[in-house]
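K.L.:
Spelled out from the first residue to the last, the chains are:
Number of protein chains: 2
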Amino acid sequence: MEDKYEKISRLAKRRGFFWQSYEIYGGIGGFISLGPLGVGLKNNIIEKWREVFVKPYRETIVEIETPIITPSKVFEASGHIEHFTDYIVECVKCGRKFRADHLLEEKGLTGLEGLREEELNRLIAEKGVKCPECGGTLGPVSKFNLLFKTTIGPYSEQVGYARPETAQGMFLNFHRIYEVMGRKLPLGIAQIGRVMRNEISPRQGPIRLREFTIMEIELFFDPLNPSCTYLEEVAGERISILRYGNREPIKIKVVEALEEGFIANEWNAFFMALAKKFLNYLGIPDDKQMFVEKGPQEKAHYSSQTFDQVVLTERWGWVEVSGHAYRTDYDLKKHMEYSGRDLRAYRFKGEGEVRKVLQVKPIVKNIIRDFGKDKLPAILSNLNSLDGRKVVEALSKGGLELNIEGIGSIKLNNEHLIVVEREEKDYVERFLPHVAEPSFGIERLLYVVLEYSYRERKGRIILSLPKELAPIKVAVFPLVKEEGLCRIAKEIYGKLKKEGLTVILEEEGSIGKRYAKADEIGIPFAITVDRQSLEDSTVTVRDRDSWRQVRVNIGELPKFINRLLREGALQALEQPSRYPP
Amino acid sequence: MEDKYEKISRLAKRRGFFWQSYEIYGGIGGFISLGPLGVGLKNNIIEKWREVFVKPYRETIVEIETPIITPSKVFEASGHIEHFTDYIVECVKCGRKFRADHLLEEKGLTGLEGLREEELNRLIAEKGVKCPECGGTLGPVSKFNLLFKTTIGPYSEQVGYARPETAQGMFLNFHRIYEVMGRKLPLGIAQIGRVMRNEISPRQGPIRLREFTIMEIELFFDPLNPSCTYLEEVAGERISILRYGNREPIKIKVVEALEEGFIANEWNAFFMALAKKFLNYLGIPDDKQMFVEKGPQEKAHYSSQTFDQVVLTERWGWVEVSGHAYRTDYDLKKHMEYSGRDLRAYRFKGEGEVRKVLQVKPIVKNIIRDFGKDKLPAILSNLNSLDGRKVVEALSKGGLELNIEGIGSIKLNNEHLIVVEREEKDYVERFLPHVAEPSFGIERLLYVVLEYSYRERKGRIILSLPKELAPIKVAVFPLVKEEGLCRIAKEIYGKLKKEGLTVILEEEGSIGKRYAKADEIGIPFAITVDRQSLEDSTVTVRDRDSWRQVRVNIGELPKFINRLLREGALQALEQPSRYPP
Chain A
0 MEDKYEKISR LAKRRGFFWQ SYEIYGGIGG FISLGPLGVG LKNNIIEKWR
50 EVFVKPYRET IVEIETPIIT PSKVFEASGH IEHFTDYIVE CVKCGRKFRA
100 DHLLEEKGLT GLEGLREEEL NRLIAEKGVK CPECGGTLGP VSKFNLLFKT
150 TIGPYSEQVG YARPETAQGM FLNFHRIYEV MGRKLPLGIA QIGRVMRNEI
200 SPRQGPIRLR EFTIMEIELF FDPLNPSCTY LEEVAGERIS ILRYGNREPI
250 KIKVVEALEE GFIANEWNAF FMALAKKFLN YLGIPDDKQM FVEKGPQEKA
300 HYSSQTFDQV VLTERWGWVE VSGHAYRTDY DLKKHMEYSG RDLRAYRFKG
350 EGEVRKVLQV KPIVKNIIRD FGKDKLPAIL SNLNSLDGRK VVEALSKGGL
400 ELNIEGIGSI KLNNEHLIVV EREEKDYVER FLPHVAEPSF GIERLLYVVL
450 EYSYRERKGR IILSLPKELA PIKVAVFPLV KEEGLCRIAK EIYGKLKKEG
500 LTVILEEEGS IGKRYAKADE IGIPFAITVD RQSLEDSTVT VRDRDSWRQV
550 RVNIGELPKF INRLLREGAL QALEQPSRYP P
Chain S
0 MEDKYEKISR LAKRRGFFWQ SYEIYGGIGG FISLGPLGVG LKNNIIEKWR
50 EVFVKPYRET IVEIETPIIT PSKVFEASGH IEHFTDYIVE CVKCGRKFRA
100 DHLLEEKGLT GLEGLREEEL NRLIAEKGVK CPECGGTLGP VSKFNLLFKT
150 TIGPYSEQVG YARPETAQGM FLNFHRIYEV MGRKLPLGIA QIGRVMRNEI
200 SPRQGPIRLR EFTIMEIELF FDPLNPSCTY LEEVAGERIS ILRYGNREPI
250 KIKVVEALEE GFIANEWNAF FMALAKKFLN YLGIPDDKQM FVEKGPQEKA
300 HYSSQTFDQV VLTERWGWVE VSGHAYRTDY DLKKHMEYSG RDLRAYRFKG
350 EGEVRKVLQV KPIVKNIIRD FGKDKLPAIL SNLNSLDGRK VVEALSKGGL
400 ELNIEGIGSI KLNNEHLIVV EREEKDYVER FLPHVAEPSF GIERLLYVVL
450 EYSYRERKGR IILSLPKELA PIKVAVFPLV KEEGLCRIAK EIYGKLKKEG
500 LTVILEEEGS IGKRYAKADE IGIPFAITVD RQSLEDSTVT VRDRDSWRQV
550 RVNIGELPKF INRLLREGAL QALEQPSRYP P
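Sequence order for the protein chains is A and S.
The numbering of the first sequence is numbering that gives the first Met the number 0, which starts it at 0 and goes up by one.
The numbering of the second sequence is numbering that gives the first Met the number 0, which starts it at 0 and goes up by one.
Everything labelled a hint here was simulated from the structure, so no lab data went into it.
Be careful, since some hints might not be right.
If several chains are the same, the list does not tell them apart, and a pair holds so long as it fits within one copy or across any two.
Unchecked claim - Keeping only pairs whose Cα atoms sit at most 20 Å apart, straight-line, the calculated DMTMM-like set for lysine to aspartate or glutamate is:
1) K410 <-> E22
2) K6 <-> E116
3) K6 <-> E22
4) K489 <-> E156
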């Protein structure tokens, strides 16, 4: 018997939701392509996410877009070069490579996340794990970095990587956005975009991909004022939490979870409540989703607390669809350290405070002497944001190296810069904001949406997609392919398209087959033009889920359909079916 | 004096449209980041493109999404490994690398596109070109491939590249989409997505990027029936064409350009007319855009005719914003050859025709014997689409190699397959469709939109963005920060946001400064709440472009603003200004 995953995969391929990429070349694991319906569904999921997470909070949360290809320095700073790895074993006989933890899981072991090299080697030896392909002996475990590596420009030493998350784009640009938005905190920076992770041997279709799309927010807040402006909106929301070390989840209001200390901060709690509601809109009921707290070994290197939002699936059990991390000031601190730029935010104090400031002053005439007049502006503007202490340190060690776009690397010494200390009365304190991050993978959401809307009825497939998400809202069918009926159908098609609805028109095939296809691809309503339409200008409107039909005046169609889409339910359709469903 | 590019770059950075990426690490050429306004503007450009190119033609043109990372085989087939190159020279003294044609252009030479190695070497010697950085001697010219290279999975021999165009995604998936869409031609497959090109030393901000976003359509048509279904819609459109070898463009109706043979096929002509209209919507008038035909040496390797749509800019002169290529059946033919799969479409004939068919038949018991029962289904389903002639050829040479996902590479021989010839009466002819391609670069469009909407008036900047494109539609300002006024302003803000409009609310600063900021970021309308609002529930609405103001009843605001946004012009605002503009 096929399971739901197989059924959905077949449907998705046949109807154009998604399929494995590079089919004509035999396919490559970890890549999928989206067809017309897949793109429609994906875009509707993205739009819904914006409606839930961004649009209502526009004064606080804004969207940016940053590049996928990233210079190595960024991931050295963020810790991904060191930590974004899996353990791999190679068969000494056939040379095939496998994820060490996956092989042990196949032997029935669990809780392997976070185990180290020696522990994995020990378990492989103990359990007598062999190569699953050829039965050969496995070599020792080694680390494999999951970043896709490349070279930027014509110099082989300029290493770059494809980003594995969009988040670093928000950290790198935090200070600019903070300035653009008027130096206000809290500040949320959102991004939707492709990311890449070079998985070792992915085999779970849309669940484990080497390239996928992420929607995430980095919410920057003042750790001395960590309250979430919008918490009240979700105060009544109950979520299921499985705390680390517990066996059973508890159902609890987010505000209570905060009081109990189960969730580390208000912003993470707020986003978890929104995430629960968001999944409800996507068709996942409360009892099929929960938040699982990760243990100390299982968390990403940057996180002080992490919850995975998981959804129950038929084949894979609980599958993560979003991650909720409290990233503290980890990333900003690291980038400040590696870049030497001051990335701190400002906190205004009522009373001024005398403090000592190190000010970096250029010796302009020597800079011109050594680097030329035309390079002066770029050098000066690069000095602005330097940390005085770092400059003193660098100068004392022989010179300050600056990497300036359009100029390249230059070295400044005591002849070019002096650092003076002065006292100033300061009404401003500088500090590194803390960060709460909700992060969603779209392709997994797309899959669970399909799994939760998949129904079978009398041997036919119905995709009961939430109406908002359905890529096509209405189908228009002439009952038979006759000129008069086709003409009316075309008029209705044109009119509904003008209303901004996504509509299809199909003239060929039996009406039963066309209804069946419309059900399979999740079209909520089908309009049928029949001979009676020629007499009284009415058509039938058929509901995907109940198969009920009702006659409606053609002139009222746009209003009628829009109301049905908005209100969801189809109470009006009380008449018995006229044509085979 | 600053030119427009510098002015726009400064504005874009200060206000959050775009800026160079990785600033805190000194910046890297060829990458930009988009801030909140940049993302808003980009998404509105994309939406407008869909409205012009996709939505009205949904029965013919559908959107897909395919991966960025692509196995090398695809670009071997497409010719990108061989042809997607620039010529590079290295300074023997300092080791810096440059594009050979750019160095020659700096010496005043033009028309260098398509020159070969020996010609470039000769010109460099003749003109005595030296290293522009250190004056050193330049080595010989060599080819540099612009594809970003990486490795897929843990095996170093599995080379992959980031795609330099989305087009290959459409070719690889043509046959699947063709099946999904009911085997109808013409069929357009559109894609919007990131692409990467490893430029050697890009220095033109958003104009020459290493990573950017493309919107393109591959329109597949039957070469025996090349007529464009929608040509009549654009019959009256006049476009400017600069034919190859001519000095002056001609202004001509697209249908006449087709009759004269200036444009090779109806679909390319149709898309060129749409492209002209699309740029009009973006604020580029007819006399600042044209289509330049590329010469035989300048065209891409896959194209039989190419027009670049160019827009006049202040700094760079005519800049390409879209390309219109007639790709013929080049790509499908290549992929058919390299993959061994039959990618042809079907043409139905009235009369049947007897033809000989080679049918590949599996010998199931031997396949089970050699590969096991569980691999049988995957092997059988891979046999379906094989070309009989290729199989015969492979078997005669000792065996047929198949690369099957989940199994890997296997070799079948005469014990596993037989190929039989039989005659059948065939009502179907198979053929490779031809392809017309319009392809737009979004970041360049974003830049020219800003350049064409940039105005200065009384020392202030006004960004007269087309209203449809403006990222923020309305600003709401209490005249002064008083509780009563702020309360009303908040109500208006909330109400307009609920209408689906993008709105900002600003309470701080003088009203003049707030108007100035609203003008700079292109907000079409500003609503001001003043003391009179407390008495008679009216507010002023101010027009960005004319600085005129009119009083409007608060209750009528949503309707009033929506009408203004739809109709564009602001005739209603006849009253003189009340506050400083």
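K.L.:
For every hint, state whether the structure bears it out.
P.N.:
For each hint, the structure was consulted:
For the identical chains of this complex, K410 and E22 are inter-copy neighbours only, at 18 Å across copies versus 52 Å inside a copy, given an alpha-carbon limit of 20 Å. In this homomeric assembly, K6 and E116 never come within 20 Å of each other (Cα to Cα): the closest approach is 39 Å inside a single copy and 55 Å across copies. Taking identical chains as interchangeable, the C-alpha atoms of K6 and E22 lie at most 20 Å apart only when both belong to the same chain, with a minimum of 19 Å there against 48 Å between chains. Taking the closest pair of Cα atoms, K489 and E156 never come within 20 Å of each other, the shortest separation being 61 Å inside a single copy and 54 Å across copies.
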